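Participant: Please work from the sequences and hints to get the whole structure.
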Amino acid sequence: MENNKPIVVAGGGHAGIEAALAISRMGGSCILITMDKKAIGRLSCNPAIGGLGKSHLVKEIDALGGTMGFCSDFSGIQFKTLNKTKGRAVWALRAQVDKKTYPKYVSKILKTNSRIKIVEDEVVAFSIKKERIVSVKLKKEGFLECSAAIITCGTFLNGLIHIGKNSFSAGRMGEPPAQGLTECLREHGIKTGRLKTGTPPRLSKNSIDWKQTEEAQGDSTIEPFSLFTKRPFKKKQEPCYTVRTNASVHKIIHKNIQSSAMFSGKIKGVGPRYCPSIEDKIFRFKENPSHLLFLEPEWSNSNQIYLNGFSTSLSEAVQKQALRAIPGLEKVEFIRPGYAIEYDYAPPYQLNAGLMSKTIKGLFFAGQINGTSGYEEAAAQGLVSGANALLYTQKKDPFILSRDSSYIGVMIDDLITTHLDEPYRMFTSRSEHRLSLRPDNCYERLADIAQNQGLLNLNQKKHTSLFFKEKNKVLNWVNQHKITLKNKTVLAAKHIKRPEISLLSIIPKEYKKLYFFKEAVFSVETNIKYEGYIVNEQQRMASIQKLEKARIPKNFNYNQLQGLSNESRSRLNKIQPETLGQASRISGIRPTDITLIGINIKKVSRET
Numbered sequence: 003m004e005n006n007k008p009i010v011v012a013g014g015g016h017a018g019i020e021a022a023l024a025i026s027r028m029g030g031s032c033i034l035i036t037m038d039k040k041a042i043g044r045l046s047c048n049p050a051i052g053g054l055g056k057s058h059l060v061k062e063i064d065a066l067g068g069t070m071g072f073c074s075d076f077s078g079i080q081f082k083t084l085n086k087t088k089g090r091a092v093w094a095l096r097a098q099v100d101k102k103t104y105p106k107y108v109s110k111i112l113k114t115n116s117r118i119k120i121v122e123d124e125v126v127a128f129s130i131k132k133e134r135i136v137s138v139k140l141k142k143e144g145f146l147e148c149s150a151a152i153i154t155c156g157t158f159l160n161g162l163i164h165i166g167k168n169s170f171s172a173g174r175m176g177e178p179p180a181q182g183l184t185e186c187l188r189e190h191g192i193k194t195g196r197l198k199t200g201t202p203p204r205l206s207k208n209s210i211d212w213k214q215t216e217e218a219q220g221d222s223t224i225e226p227f228s229l230f231t232k233r234p235f236k237k238k239q240e241p242c243y244t245v246r247t248n249a250s251v252h253k254i255i256h257k258n259i260q261s262s263a264m265f266s267g268k269i270k271g272v273g274p275r276y277c278p279s280i281e282d283k284i285f286r287f288k289e290n291p292s293h294l295l296f297l298e299p300e301w302s303n304s305n306q307i308y309l310n311g312f313s314t315s316l317s318e319a320v321q322k323q324a325l326r327a328i329p330g331l332e333k334v335e336f337i338r339p340g341y342a343i344e345y346d347y348a349p350p351y352q353l354n355a356g357l358m359s360k361t362i363k364g365l366f367f368a369g370q371i372n373g374t375s376g377y378e379e380a381a382a383q384g385l386v387s388g389a390n391a392l393l394y395t396q397k398k399d400p401f402i403l404s405r406d407s408s409y410i411g412v413m414i415d416d417l418i419t420t421h422l423d424e425p426y427r428m429f430t431s432r433s434e435h436r437l438s439l440r441p442d443n444c445y446e447r448l449a450d451i452a453q454n455q456g457l458l459n460l461n462q463k464k465h466t467s468l469f470f471k472e473k474n475k476v477l478n479w480v481n482q483h484k485i486t487l488k489n490k491t492v493l494a495a496k497h498i499k500r501p502e503i504s505l506l507s508i509i510p511k512e513y514k515k516l517y518f519f520k521e522a523v524f525s526v527e528t529n530i531k532y533e534g535y536i537v538n539e540q541q542r543m544a545s546i547q548k549l550e551k552a553r554i555p556k557n558f559n560y561n562q563l564q565g566l567s568n569e570s571r572s573r574l575n576k577i578q579p580e581t582l583g584q585a586s587r588i589s590g591i592r593p594t595d596i597t598l599i600g601i602n603i604k605k606v607s608r609e610t
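Residue numbers (my numbering): 3 to 610.
Please keep in mind that the hints were generated in silico from the structure rather than gathered at the bench.
Heads up, a few of these hints could be off.
Stated by the list, open to error - The calculated DSBU-like cross-link candidates involving lysine-lysine, where the alpha carbons are at most 35 Å apart (straight line), are:
(1) LYS551 x LYS604
(2) LYS360 x LYS132
(3) LYS515 x LYS236
This one's a predicted model, so the numbers in the text were calculated from it and none came from an experiment.
Facilitator: The structure is reproduced here in structure tokens:
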């Protein structure tokens, strides 16, 4: 720590947790400020981790020593791999987790870490000196000097909940909002905006006629998120259930649409495109006669049921009326109604690739304040911001993940090169390199980076090393063992290239004793089956890397470049890309603009 001043982490959500733990694993210490110690790690919305695109982030967090995957394995009550009808690169693990066990376990990890001090207070402002942060102001205790600060406020910044025509200030239902910090950000020149998200009602289990619902079981054979979870991985699973909306439900919502805070115009913030409210679904997808809803237990043997697919800002009375038109929910009672929440965010084009403010040194941002939605996106940013906050105080080079190294790198690059005006959610389609950024090879991609940064503890290093050793053992077998087919002998590696042949069906039984047998076999087989496509993709990646390595000088004068359109000049001045690669991904920037900038960078370089 610089001058023995602490790093401050503001917020105890998923971003704050991973930030604090990353700092501690790298040998640093921090103070985590949370408004309520009991709320650390709380799952605000759905009781699940992972899913399409998001599970890739969880695996990468795990490869970098983070805790989200491990805690999800520990608290999971149902596991399912999605997208299995598609290619392996986009398979996605989703875990239904126990909403009580998950935060308790995460909180225990934090509280038993001697390098993390947890303080129950609220960051309401900060002070800067010579363009760097020097202290934060706490609501109860006043000013606290710091060497760096990470802001991870979730939906709490000036949070405003909407249920029909009723609105009230809150960061989450039953919890107060964070006030004052937005105004401080603006005073120091950081632009802010307003976003919106929503959550469905929580239903009373005893008020549901379960005979009229359809059971949705988890996978019979389950896989863990974390490489560091004990094998073999076995869990008692709980079923979820499904129901569908119908014409009667849609008619009730149509008739009462003005009771929706979103449709009445009360909500000004932009909501998530890929997680629409039920009223949004009915109006945007009028051709659909019904929509699937999932009844998910919020914890083991829970009486509180999460109604996935029915996010809403309709009035409580209309919510109940609509749901009671669904078979099985005719007598449904609420434990809590669904609601929408508006909150402040700071558009992330104001950050560099290490998630530090471009204008205030030592001030980092992670999670929903950067405009992202989801636990996984927040946790990934938290890990990166935590590592970089410590490196900043040590005056070391930042920890940067590129687009071709990880989905975390894709996400951060997307955030800092676009003017985000709606909540950002990770999808595999956001990456140009999907075959190279698979969940099964995340440890190969990121283990060296993690070890070089000190992000892995001794146990994690041991497990990672064992996985590589066992994978190489399997790889050596397929590259050396020959198989005879119709008087023709071929290497096992060549035989496996055939789509109908699996490595599991031909590998000797003694290999099944390997600790990471399933993972090693799956990864080796995937590399072999996709080899040709992967080689082509890596050749494309090599050409793109030339742009990524071409750095643009700080405060580069775009106004002097003749040939740039006013639109391009305006966007480049606003976002201030660090490399030609980043500049090429800014919306509205043309290939000719990149060529022009590249020529001038070389000219400036020669002159200096």
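Participant: Determine for every hint whether it applies to the structure shown.
Facilitator: Here is how each hint holds up against the structure:
1. Taking the CA atoms of LYS551 and LYS604, the gap is near 13 Å; set against the 35 Å cutoff, the hint holds.
2. Taking the CA atoms of LYS360 and LYS132, the gap is about 14 Å. The hint holds against a cut of 35 Å.
3. Between LYS515 and LYS236, the direct Cα distance comes to roughly 17 Å. Compliance with the 35 Å bound is thereby established for this hinted pair.
Of the numbered hints listed earlier, not one is contradicted by the structure.
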